[in-house]
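There are 4 protein chains.
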Amino acid sequence: MTKLTAEAAGTFAIAPTPFHDDGRIDDKSIDRLTDFYAEVGCDGVTVLGILGEAPKLDGAEAEAVARRFVKRANNMQVIVGVSAPGFATMGSLAHASMDAGAAGVMIAPPPHLRTDEQITGYFRQAAEAIGDDIPWVLQDYPLTLTVVMTPTVIRKIVMDNSSCVMLKHEDWPGLEKISALRGFQKDGSLRPLSILTGNGGLFLDFEMERGADGAMTGYAFPELLIDVVRLSKAGRRDAAHDLFDAHLPLIRYEQQPGAGLAVRKYVLQKRGVIASSAQRKPGSGISATAKAEVDYLLARVARVDRRASLEPQSSAAG
Amino acid sequence: MTKLTAEAAGTFAIAPTPFHDDGRIDDKSIDRLTDFYAEVGCDGVTVLGILGEAPKLDGAEAEAVARRFVKRANNMQVIVGVSAPGFATMGSLAHASMDAGAAGVMIAPPPHLRTDEQITGYFRQAAEAIGDDIPWVLQDYPLTLTVVMTPTVIRKIVMDNSSCVMLKHEDWPGLEKISALRGFQKDGSLRPLSILTGNGGLFLDFEMERGADGAMTGYAFPELLIDVVRLSKAGRRDAAHDLFDAHLPLIRYEQQPGAGLAVRKYVLQKRGVIASSAQRKPGSGISATAKAEVDYLLARVARVDRRASLEPQSSAAG
Amino acid sequence: MTKLTAEAAGTFAIAPTPFHDDGRIDDKSIDRLTDFYAEVGCDGVTVLGILGEAPKLDGAEAEAVARRFVKRANNMQVIVGVSAPGFATMGSLAHASMDAGAAGVMIAPPPHLRTDEQITGYFRQAAEAIGDDIPWVLQDYPLTLTVVMTPTVIRKIVMDNSSCVMLKHEDWPGLEKISALRGFQKDGSLRPLSILTGNGGLFLDFEMERGADGAMTGYAFPELLIDVVRLSKAGRRDAAHDLFDAHLPLIRYEQQPGAGLAVRKYVLQKRGVIASSAQRKPGSGISATAKAEVDYLLARVARVDRRASLEPQSSAAG
Amino acid sequence: MTKLTAEAAGTFAIAPTPFHDDGRIDDKSIDRLTDFYAEVGCDGVTVLGILGEAPKLDGAEAEAVARRFVKRANNMQVIVGVSAPGFATMGSLAHASMDAGAAGVMIAPPPHLRTDEQITGYFRQAAEAIGDDIPWVLQDYPLTLTVVMTPTVIRKIVMDNSSCVMLKHEDWPGLEKISALRGFQKDGSLRPLSILTGNGGLFLDFEMERGADGAMTGYAFPELLIDVVRLSKAGRRDAAHDLFDAHLPLIRYEQQPGAGLAVRKYVLQKRGVIASSAQRKPGSGISATAKAEVDYLLARVARVDRRASLEPQSSAAG
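Residue numbers (our numbering), protein chains in the order written: chain A, 17 to 334; chain B, 17 to 334; chain C, 17 to 334; chain D, 17 to 334.
You may find that some hints are simply not true.
No distinction is drawn between identical chains; accordingly, a pair holds when it is met within one copy or between any pair of copies.
Once the Cα atoms are required to be at most 27 Å apart in a straight line, the calculated DSS-like pairs of lysine-lysine come out as [stated by the list, open to error]: (1) LYS202 / LYS44; (2) LYS202 / LYS249; (3) LYS307 / LYS202; (4) LYS172 / LYS87; (5) LYS19 / LYS307; (6) LYS44 / LYS249; (7) LYS172 / LYS297.
Please keep in mind that the hints were generated in silico from the structure rather than gathered at the bench. Note that this is a predicted model, so its numbers are computed, not measured.
With these hints in hand, go ahead and build the complete structure from the sequences.
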């Protein structure tokens, strides 16, 4: 697998980790999920992120999951989330992943960081801990991680660490942040950097227009992300928004903190991609009412985008 | 003005506080804004909330703003946000507001509260501080306030304090919370309680179906909130969603923390309702790019809902 | 009263706000407390700080309390805490205080500030809001305020705002911070700045040795603070520590977050300085067991420092 | 090794994890440290706690460290901190530790828990995850962990989980909490529970008087903890306080968040117990000035307690 570079673009799916109902890792569903991402046209897959319930796996399990995704991914690049409370665990997983053929790793700041110096210092130490030959993605997700990084701080991290090649952008609000970073590049103070956006895709329509290179998020219809990225890059603004808006009610529903993962696993299960929507404990379930709401939203999306028409299958897979 | 009761329903607009460009309060825009809410059919107006930049006003200004809204409101009920770091300030504003004719007050928990006992204890003291003859609204907004109240805690607060008549519901995610509270009422453990929902209206479509009595939020097209509440209560589910979905791209754009207020004031200014979109310091502005994005969204909404067609006026007012 | 300058030094007592048992402000105890601080030799008094239950007062009460302290203070400088959720309230209290003769004001950062830019930006706006002719004290108290300021950020605030003349230092741990700031002054990158230390005096012994100019805290025996500051400045290291260590068990007991204020008011009441140890709601009381523990500690301190021998009075005032 | 029970009492030392200067684990120092704890008379040792830099070790290292301590501990009971972001890691370490002969494990709440229900739910799941035959210690440390547990919540956790046999009490302030819990036992609503106190020993004198069973903390002179616990249980109140007070200036110095560990490792190194004071990255060092301050404090303690007289060794080891 080629290593990740600052030229990376397109759509990277954030993969959930499939479990059996009893909490064991479901290897077959990992394979099917990987194949699904490849078939719909994803450029890459990011595994063991927050959505991937990574902290619920022990070290051996995490390495096994990363290897399985990488092995199956063929032409797609795989990024492995290696955020950990300590650098020993981070380094172990990073090396195991790269040895297995991953394209790069992703690192989020630990929640206790507050000052600019603490943040930039942490990432210097993290980059040193994994070794400067491993390309890595900086995750900027203040809503969940509580660490706030200004554009200036992000620039410093990128300029301090040559192995940092991508920003997973999911500040909220974040549109001005993309503009600020692209502005830094215009004025020559920031080197090339891939920016893929998260936040469930909730602002993907405008993020692309602000200069993002693509999407990296877990919406259960990665086809939509791929299309919006493609249409936007082709300059077909209205078409991009028309398609995006058709999915927005569901995108919004999926983007509920905590509850969103249950919705995504439910939809992926309905789509026949994973066998069970189970989460490892502690996890949140999805109520019958919520399922019916998702079904209703799917039916509404399907009026515009036939790929969301899941009803026949759902009776079998639901 | 009649006092607020647990039977309150419909749409209460959360009003921004209009300022002149130099930061002085703009009384004429308060009047025009109040008239606007009445004309479009709001049932009430909530002033001096978080959106209303309440903490930026000193005590005398807050009382003056509350009085002006109340005086102008005619048949609409006015709820005054009285959250304050201490009970003395809270009590002063509550009494001044009720003396002026307000229907009730709204109280949010201070951010340092953590345990269930701290939360329920705080609201007991707050209710005592304002006096038990003033009806009040419990604001549940963890995303901004960082205080997490379970359905059980909300029930205890409501049952402990007979003057608590309404929940401003804006937990996120929050659909299951509405269901849980309505379930408490079915099993007889919770007395009648009005539930109006906030969060910029982002989930109003399903919140109504879960049992909400209406909306209390600041979306710059309260007409949409009114229509969705009405259609939903009339059982016209698809029609409610169709209209809601047409506005959702803009609702989503407005619901960005911090940045959202600038968007709302910009739209209200475009609509000719307030004279300036200025915020008091410290405030966030809105970039030219963001304005263009909002204009684009307005034009798209206007394809379905003509009330969003502001282009002719915008050249004059923009 | 002379205005506060960067040459300020010595001991500034942080004054509690005395209340009657029913929560009304106790003016006579304000007078007696002020006289007490003057008699024991304080150089200044800081009122309406966190310890002073400032947020529990409404605007009019805060101004009245500030005026009363200032009027009574004679030769002591009075600093008024003006931290507020908004600049309108902050400015009103600052001007009222300076008009009444205060020496300066104190400003703490609001808890939502995170990044270096947010923090330095806030203080620029705050200094502008009160006007650049009012000398002010920067309060650095991360444990309670949750805002973390590096030495570099503090330097920037001081260099950005010529009216900032003093740091109330109460980071924890904080000894290296004093050394870092004094180092900045040695290398010429920081202008003169008075540093008075808080934290209940828990590290005053070493803070003086690190370069502090004195103490600004609320320990109920300001005599001890005065003595330690004096002995330390005179180079009598062992004597300073001997006296400090005799009080440390009580200093430590008083420095318990939340509970500490009740202890201080209890001791000041025992000393006959204030009439009641009551706090305004929401406040914490002091249990009978805790009172007995404080009495025991006082008796032990009194073996070394006779000023702590309060037993005869305590039976009357307790 | 006998399993931990609710009858546990005395002094459990919180052990730092000794590293070589290059960050590798120093097994020989683990042995020497364990022997030291046994020689001075500790009843137990707690390893891989927050002080033990546990998150910096990967899974295999953590198990190896736990095994080494257990094997060397002989008659002392060893408690292994197993707090982890997920139950898989927690369970692995718990079973490996118990298999190696540990007496029990310790679990702290993850920082995201807020409501009473979240907290009690978490510990139910954690106890289930490790299996109900492993005795465990509930760690209550809000200052660092940000999770606040009321006495009522602690009682519920203990009553819900029969395998919870001990509270590591380090709320701050916390004296009333001990009294409340012992009160619950008097009124029959709480079953027997060992309470050992932490917080660096800063309140050990009064914690014993409130009903604690002993100390579990990392003060570099566990002899002092042992003596205070013993004297207090023997009813020799003044003697306990006299000895405690002599150490308090150093106890206080060691109890600085973050910086404290560097002080402890420095003192243990001076005492010849561990070979290096190095911490794994990210770690805090200790400045030359701080070292001199600690040396000064040691010399002062040594005037009363000869065991603190380290000067001859210090020139060699320092």
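**Violated hints, by number in ascending order, as checked against the structure** = Failing hints, ascending: 1, 4, 5 and 6.
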